[in-house]
Each structure stands twice: as C-alpha cells, then as structure tokens.
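K.L.:
Generate coordinates for the entire structure from the input sequences, incorporating the hints supplied.
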Amino acid sequence: MSGNKKVYRLWSSYYSVDGGEGYQVKRITVFPSARLSLQSHQQRVEHWIVVRGSALVTRGEDTFPLHENESTYISAGTRHRLENPGKQDLV
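Oh and the sequence shown: position 51 is 51 in my numbering, straight run, nothing missing.
Don't read these hints as lab results, they were simulated from the structure. Please note that a few of the clues may not be correct.
What follows is a list of derived Cβ distance ranges for each label pair [to be verified]:
1. S40 - V7: 19 to 29 Å
2. E21 - K87: 35 to 45 Å
3. F64 - H41: 18 to 28 Å
4. E61 - K5: 29 to 39 Å
5. G77 - E21: 15 to 25 Å
6. P85 - Q39: 12 to 22 Å
7. D62 - K5: 30 to 40 Å
8. R79 - L10: 15 to 25 Å
9. E70 - Q24: 19 to 29 Å
Quick reminder that beta carbons are idealized off the backbone N, C-alpha and C, glycines included.
P.N.:
In structure tokens form, the structure reads like this:
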C-alpha cells in the first residue's frame with residue numbers, strides 16, 4: 001500500500017503500513033500520558049505489539065502493562081483502550 005498519509009489525533013498519530021482482504025496493519029504512536037478512547041468493534045479483532053516504550057492496556061475488565069516486544073490480542077466485541085504511561089512515545 002503506497003501513498004498512505006499519516007493521520008494526526010490529539011493523542012498522536014497513525015498510518016497504515018499494509019492491508020488487504022480481511023486485515024490492516026497500522027503503526028500507531030501515542031504521546032506520553034496520552035490514551036485512545038475506550039472502544040469496541042463487533043466485526044474486527046486486533047493484535048497489538050509494542051515496538052517501543054510501554055503501554056497500559058485495558059481489555060474487557062482487565063488492565064495490564066505491555067512492554068517492548070510483548071503483545072496482546074483483542075477479540076471482537078471486547079472493550080479496549082491503549083494508554084502510554086511512560087515518558088517517551090509509545091509505538
């Protein structure tokens with residue numbers, strides 16, 4: 001996928017790295033002390049991998065940290081949120 005634009009939000013930015021039928025890969029950057037909204041998707045699952053920094057993940061009723069080279073799976077219909085509790089950008 002070429003020609004993808006970076007999309008800016010209050011919490012930072014993201015852009016699409018790759019995609020095809022049934023999948024999309026995004027690179028998301030979250031500023032220190034910022035977080036995405038609490039959300040859920042009925043038709044989509046998500047798999048998050050921390051590339052740099054530390055994350056605080058809300059998945060259903062659980063909240064837990066993720067560090068570099070760690071990942072988590074968000075099943076369809078599960079409420080979730082990604083936060084950056086650290087002092088550097090979360091990627």
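K.L.:
Does each hint fit the structure? Answer for all of them.
P.N.:
Comparing the hints with the structure gives:
1. The hinted range of 19 to 29 Å is satisfied by S40 and V7, whose Cβ atoms lie roughly 21 Å apart.
2. Checking the proposed 35 to 45 Å range against E21 and K87 shows it holds: the Cβ atoms sit about 39 Å from each other.
3. At about 20 Å, the beta-carbon gap between F64 and H41 stays in the expected band of 18 to 28 Å.
4. Between E61 and K5 the beta carbons are some 36 Å apart, a value that agrees with the proposed interval 29 to 39 Å.
5. The beta-carbon spacing between G77 and E21, approximately 22 Å, falls within the hinted interval of 15 to 25 Å.
6. A hinted range of 12 to 22 Å for the beta carbons of P85 and Q39 is consistent with their spacing of about 19 Å.
7. Between D62 and K5 the beta carbons are some 34 Å apart, a value that agrees with the proposed interval 30 to 40 Å.
8. At about 20 Å, the beta-carbon gap between R79 and L10 stays in the expected band of 15 to 25 Å.
9. Distance hint check for E70 and Q24: the Cβ-Cβ separation is about 21 Å, which falls inside the suggested range of 19 to 29 Å.
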